[in-house]
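Number of protein chains: 2
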Amino acid sequence: MHLTLKFLNQQPKKFAKRLAKQLADYAGGSLMAKKQINIPDSDTLIDRLKLEDLLKRRFFYDQSFAIYGGVGGLYDYGPMGCALKQNMIQLWRTHFILEEAMLEVECSSLTPESVLKASGHVDRFVDWMVKDKVTGACFRADHLIKNHAEAIIKDKKAPENIKKELEDVLIRLDGMSCADLGETIRKYDFKSPLTGNDVTEPVSFNLMFPTQIGPTGDFSAFLRPETAQGIFINFKRLLEFNQGRLPFAAAQVGTGFRNEISPRQGLVRVREFTMCEIEHFVDPSDKNHPKFEKVADVELTLFSASNQLNGKGTEKVKICDAVASGMVDNETLGYYMARTHLFLLNVGISPDKLRFRQHLSNEMAHYAKDCWDAECLTTHGWIESVGIADRSCYDLHQHSKATGVKLVAEKKLVESKQVDVVEAVPNKAAIGKLFKNESKKIIDLLKNLSLEQVDELEDSLKTNGKYSVKISDDKTIELDSTHVEVRKYLKTVHVEDVTPSVIEPSFGIGRVMYAVLEHSFRQREGDEKRSYLELAPSIAPIKCSILPISSNKRLDPIIQAVREELTSREISSKIDDSMGSIGRRYARTDEIGIPFGVTVDFDSEVEPWTVTLRYSVTMQQIRLKVTEVGDLVAQLVKGKINWDNACQKFPIFNASQDND
Amino acid sequence: MHLTLKFLNQQPKKFAKRLAKQLADYAGGSLMAKKQINIPDSDTLIDRLKLEDLLKRRFFYDQSFAIYGGVGGLYDYGPMGCALKQNMIQLWRTHFILEEAMLEVECSSLTPESVLKASGHVDRFVDWMVKDKVTGACFRADHLIKNHAEAIIKDKKAPENIKKELEDVLIRLDGMSCADLGETIRKYDFKSPLTGNDVTEPVSFNLMFPTQIGPTGDFSAFLRPETAQGIFINFKRLLEFNQGRLPFAAAQVGTGFRNEISPRQGLVRVREFTMCEIEHFVDPSDKNHPKFEKVADVELTLFSASNQLNGKGTEKVKICDAVASGMVDNETLGYYMARTHLFLLNVGISPDKLRFRQHLSNEMAHYAKDCWDAECLTTHGWIESVGIADRSCYDLHQHSKATGVKLVAEKKLVESKQVDVVEAVPNKAAIGKLFKNESKKIIDLLKNLSLEQVDELEDSLKTNGKYSVKISDDKTIELDSTHVEVRKYLKTVHVEDVTPSVIEPSFGIGRVMYAVLEHSFRQREGDEKRSYLELAPSIAPIKCSILPISSNKRLDPIIQAVREELTSREISSKIDDSMGSIGRRYARTDEIGIPFGVTVDFDSEVEPWTVTLRYSVTMQQIRLKVTEVGDLVAQLVKGKINWDNACQKFPIFNASQDND
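For the record, the sequence lines run as chains A and B. The first sequence finishes on residue 660 if you use UniProt numbering, and the numbering steps up by one all the way, no holes. The second sequence finishes on residue 660 if you use UniProt numbering, and the numbering steps up by one all the way, no holes.
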């Protein structure tokens with residue numbers, strides 16, 4: 001049984017997932033979907049090469065260790081990318097953690113093998129891989145098949161019957177076992193794409209990075225593939241922190257690591273990435289959410305499992321209707337979907353390039369109740385950026401089983417109830433007399449018998465007059481009815497233990513950021529060479545540029561005064577006093593998404609000092625006092641007023657500099 | 001040659017370092033130091049067990065994977081620790097990155113071996129380790145010797161001559177080679193402290209966590225032991241981002257990993273930790289700092305190298321005087337020391353428990369110019385929390401050597417100058433004719449000859465009439481004066497390449513946080529059981545508690561109104577509507593350092609709604625309108641007004657609840 005990897009950086013692994021995509025993208029569904037949610041045609045998608053050039057040139061990010069030749073799937077964020085990401089995370093914290101008073105934690109990346117064994121990652125977090133028999137180069141078996149098959153299907157000269165077969169292969173690809181994959185590669189004689197050499201049979205490859213903790217070399221550990229496990233492991237302390245009450249949510253922002261076999265697609269598939277994960281613990285019998293009302297009318301673009309299976313497209317649905325109709329399993333899941341939708345729009349995802357796609361029932365892990373991915377349309381296709389899943393009690397249960405620690409919450413019963421209690425009651429005196437030093441161990445063992453074991457004990461005493469207890473690897477002792485009896489009685493209980501269900505929204509912040517960059521990329525009408533980023537002021541890496549119109553030193557005190565106006569309000573700014581016309585410098589600040597620009601000119605010197613403030617999107621300017629700059633920009637950045645408001649408050653300044 | 005590990009989580013490794021400590025702590029210097037900087041005696045230090053109990057109980061942090069038995073040196077931050085740390089990092093960003101317009105980057109943790117080979121970590125980032133011959137348990141050789149020696153020295157029955165010898169051993173310990181360590185252990189027959197078994201000879205143990213990238217298993221990598229290398233590797237792009245100009249600073253907040261042999265001392269020595277590092281790149285011939293004037297009068301407690309060697313204590317010195325006298329090497333180093341001092345006081349380090357200790361000349365790496373550690377006094381002794389070093393051009397030079405990529409800045413010369421140029425000029429036609437396909441290779445080789453190689457070539461042509469060039473492993477060709485000539489001429493240059501010096505302030509934020517917690521721990525006078533944390537409002541994990549005086553539902557709308565007042569200003573709050581007297585609930589919020597508390601009582605219901613606001617340190621309360629709460633608390637948290645100002649603005653509310 002595959003583990004459903006509930007998150008980004010993850011290949012679609014399941015038959016059903018691909019089937020859905022096939023239906024949508026190959027078999028005409030994509031047309032329908034497009035009509036339904038009004039996606040721009042692919043030829044109106046942005047020019048990715050231009051964007052990538054901009055992002056590299058202005059150091060949003062670049063391949064890590066570039067001067068050493070680079071390493072696939074590892075990226076360094078430069079000043080612009082780093083600030084953009086930090087701002088997005090800050091907004092995420094405000095939107096989720098602060099708003100819901102979530103418990104934020106920060107757990108270790110280094111994780112002992114035993115923990116990831118319990119979570120299922122050691123056994124099932126794998127991809128199938130083949131190697132070039134001569135060079136040893138490695139490829140994901142499914143990618144190898146997909147690329148070959150797609151090339152043949154596109155090839156006009158290829159025989160129709162083979163094309164048909166390969167279309168069927170593509171549909172079945174994600175459901176294929178190791179043997180299926182190997183057989184397919186052999187049948188069509190697929191070779192290494194780099195050399196044309198034969199490839200080996202597929203072998204499994206675990207995607208976690210292995211290491212050892214401590215000096216002995218025998219403490220196996222991995223770098224965590226997700227941050228979620230750290231939260232599950234701390235459940236008891238977190239529940240206690242929340243004064244024992246359900247529901248509550250914990251959150252974590254941190255790094256996850258996945259040793260992709262051959263990463264591609266830039267920031268979309270990487271080996272080290274920041275995750276923002278929430279684990280919302282809730283009584284499994286009551287998944288209503290107290291704040292659901294607040295989002296009830298939010299309209300989402302939903303791509304339900306049944307629409308995927310029926311070849312239908314997406315539909316716009318109010319989240320309250322989706323929950324009421326049962327399309328979305330419960331209020332808490334729906335609440336987080338709506339909140340996620342609002343967050344993604346806030347940071348700059350285009351509403352017409354956002355959809356929530358439901359996992360098909362056989363695409364989810366067996367324990368999951370319902371799962372929706374927020375997908376963003378980019379030039380790489382629809383990319384999964386957030387996964388929102390009801391994971392039921394699986395993780396807590398697994399860690400409890402592995403450690404023997406109860407991971408449950410106490411739930412007050414509405415009415416107290418009578419329960420049958422069956423327990424083994426040791427006769428301490430008799431046991432102590434016979435077993436001396438070992439008696440404590442025996443008494444503890446008896447007290448901790450499971451219900452089934454107590455039944456066995458009763459049976460054994462009845463049938464054989466004795467009961468065998470293994471007290472160590474090489475010692476078993478025998479007890480009779482003088483040592484232990486089975487007691488059965490009714491007990492009134494006022495609380496019961498419940499293992500909470502977990503609703504998990506999991507954000508791949510690098511993917512969201514990449515989608516935001518694509519969705520923010522603009523070219524000036526009539527001057528397509530002038531590209532720029534229209535970033536929301538709240539996430540823009542730098543909020544305001546300061547451009548002196550001349551390098552004359554007389555302007556320096558004014559420049560410094562503007563900078564202090566901004567810095568004292570914690571607004572990041574960048575002084576561009578380089579050569580070049582003011583128009584070219586505007587273009588350069590627009591390119592990296594600086595929304596506001598202060599220009600200091602020679603009129604600025606007239607007391608009280610004034611400057612112009614320009615908005616990159618409209619290129620309009622207003623004129624205001626230096627002492628007014630800080631407050632105005634702060635309000636614009638926080639979204640307390642918008643540019644139109646500002647234009648009403650301050651005189652428009654007519655300048656032709658943008659055309660210089 | 002040892003690599004000086006320029007940072008926290010680091011054992012004092014050098015003879016000189018220990019010598020300094022010996023002088024200060026053993027030989028009477030500590031008394032002097034105490035007088036000098038007026039340290040409270042050790043018995044006025046806080047009760048660490050009480051603090052640790054509080055931190056664990058209220059989930060500031062706990063051992064990672066506790067339900068699996070825990071892993072040494074790994075800690076998880078709970079909601080309180082996580083928020084405290086985040087707030088400290090946010091303050092750090094504002095204090096350093098925003099204030100200086102630094103270029104923040106975020107680089108990969110996974111680092112190829114070749115990079116860490118160049119930086120010196122693969123060869124020299126080691127500790128010496130011995131193993132229990134029977135159980136295999138590992139110990140740091142120096143720790144083993146130190147613990148045994150100290151025990152014997154304290155033992156009243158031990159012979160005096162042995163004690164003398166061992167005192168000498170302690171002084172020499174950090175300068176000891178592998179052989180010295182082994183000999184000492186053998187001579188005194190030191191055994192495993194756990195079992196009394198013999199231990200092995202010392203072996204070196206590299207402190208980096210090893211792993212592999214990709215599926216082939218032959219791409220060796222490590223988890224980065226510091227974030228600094230990522231900045232050095234990106235130097236070229238960062239310089240370009242800064243429009244080619246020096247000086248500029250880059251910064252990084254990220255995780256470092258060190259595989260400590262046997263971590264102890266809680267947060268002080270850990271295997272995974274957050275670092276905040278700055279690399280300030282500066283022209284080596286001008287290390288003045290443009291903003292030095294702003295901090296010139298800041299007075300620091302300095303423990304200079306000469307004072308350490310002469311057994312003198314610390315002294316309070318204005319940073320301008322320390323730079324002027326040459327005690328601190330240059331303005332940029334001094335600037336960062338002063339800024340670090342201000343930051344540490346901001347976050348709550350006690351000025352009387354803070355000192356800057358200079359590294360002794362033989363304690364620094366050979367390339368370092370000067371280095372000062374900000375040390376905080378805790379119950380674990382003086383702990384190194386920030387290292388501020390002038391690393392000269394070492395790192396850029398090493399990476400440049402390893403990659404062949406020039407890592408330099410262009411410096412405009414004040415006056416252009418004439419330089420002698422000596423170069424080998426290939427005769428392309430002649431070479432092409434003779435060597436055909438190989439000619440391009442030969443021409444490139446000739447163009448890239450070093451000055452020495454050009455001299456050799458000239459010599460060889462003169463003496464032998466020919467010059468041999470190795471063009472591949474198994475092929476050497478010969479050139480004569482028809483193929484290449486040496487040209488010498490004068491050239492006018494206007495710029496020159498400089499490899500920048502690097503000033504590096506490196507913060508171990510976990511250590512700073514631990515010291516802040518110790519320095520903030522208080523017990524109420526006359527009621528010592530009531531302990532609390534007096535945290536600066538800016539870093540307090542939660543800024544404001546909301547305490548309804550009764551669980552009556554009538555108060556709910558007022559509670560919600562207060563919460564929205566706070567949340568809309570991004571102020572974290574915690575509603576405590578649990579049972580228990582208001583006094584006990586105050587005590588509970590004080591314990592986790594919540595500075596402000598709003599109490600909603602039945603008078604609150606009178607329109608316009610009012611509440612009381614309490615300050616945890618003075619336990620005073622004022623009464624104000626609900627609509628005034630958000631702005632007032634926001635101003636208090638940002639330090640725009642203090643509690644005394646607030647008391648003047650709003651009526652004092654007299655309540656006896658604190659004694660309930």
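Fair warning: there could be bad hints in the mix.
Which copy? The list can't say, so a pair holds if one copy fits it or any two copies do.
Simulated crosslink set (DSS-like; lysine-lysine; CA at most 30 Å straight-line) [to be verified]: (1) Lys56 / Lys117; (2) Lys291 / Lys640; (3) Lys625 / Lys640; (4) Lys649 / Lys638; (5) Lys491 / Lys312; (6) Lys401 / Lys412; (7) Lys117 / Lys318; (8) Lys529 / Lys649; (9) Lys640 / Lys574; (10) Lys475 / Lys291; (11) Lys117 / Lys649; (12) Lys475 / Lys146; (13) Lys436 / Lys529; (14) Lys146 / Lys440; (15) Lys574 / Lys638; (16) Lys625 / Lys638; (17) Lys466 / Lys428; (18) Lys412 / Lys291; (19) Lys401 / Lys156; (20) Lys406 / Lys56; (21) Lys291 / Lys574; (22) Lys353 / Lys441.
Hints were generated in silico from the structure; no laboratory data involved.
Sort out which numbered hints this structure fails and list those numbers smallest first. The structure conflicts with hints 5, 7, 8, 10, 11, 12, 13, 14, 19, 22, although it agrees with all the remaining ones.
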